[in-house]
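Peer 1: Sequence:
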Amino acid sequence: MNRRFALLALTALAAGFAAPGLAQQPASDLRPRTAVAPQPQIVALEGAERAAAIAAANTTLNAIQRLQGRFVQTAPDGGRAGGAFYLQRPGRLRFEYDPPATLLIVSDGSVVAMRDTELRTTERTPLRSTPLNLILGATINLERDARITRVSRSGAWTMITARDRSGQTDGQITLHFFGAANELRSWDVVDATGARTRITLSGLTQPASLDRSLFRLEDMLTNRRGGGR
Numbered sequence: 004m005n006r007r008f009a010l011l012a013l014t015a016l017a018a019g020f021a022a023p024g025l026a027q028q029p030a031s032d033l034r035p036r037t038a039v040a041p042q043p044q045i046v047a048l049e050g051a052e053r054a055a056a057i058a059a060a061n062t063t064l065n066a067i068q069r070l071q072g073r074f075v076q077t078a079p080d081g082g083r084a085g086g087a088f089y090l091q092r093p094g095r096l097r098f099e100y101d102p103p104a105t106l107l108i109v110s111d112g113s114v115v116a117m118r119d120t121e122l123r124t125t126e127r128t129p130l131r132s133t134p135l136n137l138i139l140g141a142t143i144n145l146e147r148d149a150r151i152t153r154v155s156r157s158g159a160w161t162m163i164t165a166r167d168r169s170g171q172t173d174g175q176i177t178l179h180f181f182g183a184a185n186e187l188r189s190w191d192v193v194d195a196t197g198a199r200t201r202i203t204l205s206g207l208t209q210p211a212s213l214d215r216s217l218f219r220l221e222d223m224l225t226n227r228r229g230g231g232r
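So the sequence shown is numbered by my numbering: it starts at 4 and just counts up by one.
Rather than coming from a laboratory, the hints here were simulated on the basis of the structure.
Backbone N, C-alpha and C fix where the C-beta goes; we use that ideal spot for every residue, glycine too.
Careful, some of the hints might be misleading.
Unchecked claim - Label-pair distances were calculated between CB atoms; the ranges are:
id: 1; residue 1: L207; residue 2: N144; range: 19 to 25 Å
id: 2; residue 1: A51; residue 2: S212; range: 35 to 41 Å
id: 3; residue 1: D101; residue 2: A51; range: 21 to 27 Å
Based on the sequences and whatever the hints tell you, model everything.
Peer 2: Structure representation (C-alpha cells):
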C-alpha cells in the first residue's frame with residue numbers, strides 16, 4: 004500500500020501506515036467489534052441533497068476540537084489491529100497500536116511521523132502531503148480542499164468519497180457518517196492498486212484538554228502513553 008496515502012487510515016481520523024512491524028491480530032481477538040459497514044442499496048446523492056450532505060459533514064468535522072477513543076484497522080487481507088487514538092485540531096493526531104504491533108503515529112501540526120519501536124526507525128512526511136490534512140485543518144471544507152467523487156447514502160449512513168485535489172497523493176478516502184448527529188464512525192482508504200484499508204472508531208469522547216506531550220515528536224522515542232488532562 005502507498006505509505007503516504009495509507010496514513011489517513013488514520014484517521015485520522017487516517018489509515019495509518021501499512022508498514023512492516025504491524026503485527027495484525029485475528030478479527031476474533033479484537034473487542035469491541037462495532038458493525039459499521041454501510042448496508043446495501045447505496046443511493047448516490049445529487050444536487051441539493053449532495054450539497055446538504057457535504058455541508059453536514061463539514062459541520063461535524065469543524066465541531067470537533069479534541070477527540071479520543073479506540074480504533075480498529077482492517078487491512079486488505081482481513082487482518083486487524085487496534086489501539087488508542089487522540090486528536091486535537093488543528094493538525095495534531097496520535098495513533099497508539101496495541102501489542103503485538105510496534106507502531107506509533109504522531110502528527111505535531113506540521114509533520115506526521117511513524118515510529119516502529121521494534122525496528123527503532125522513524126519515518127516522517129509533511130502533514131500537508133497526507134490525507135490527514137483533510138480532517139485536521141483549522142477550518143475544514145471538503146469541497147474546497149478535496150476532489151469529491153461521490154456522495155451517497157445507505158439507510159442511516161452517509162458516505163463521502165474524495166481524492167487529493169493537488170494530485171500529490173494516489174488513491175481515495177471514503178468518510179462514513181452515521182445517524183441524525185452525522186457522527187464520523189469510520190473511513191476507508193483505497194490505494195492506487197485498489198487495496199482497501201478501513202479504520203473504525205469506537206468509545207469516542209471529547210475531552211476538555213489533552214496532554215500536549217502526546218503530539219510531540221521528540222517524545223515518540225519513549226513510546227509514552229498518555230491521556231487527557
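Peer 1: Each hint: holds or not?
Peer 2: Tested hints:
no.	hint	verdict
1	L207 with N144: 19 to 25 Å	23 Å, holds
2	A51 with S212: 35 to 41 Å	39 Å, holds
3	D101 with A51: 21 to 27 Å	43 Å, violated
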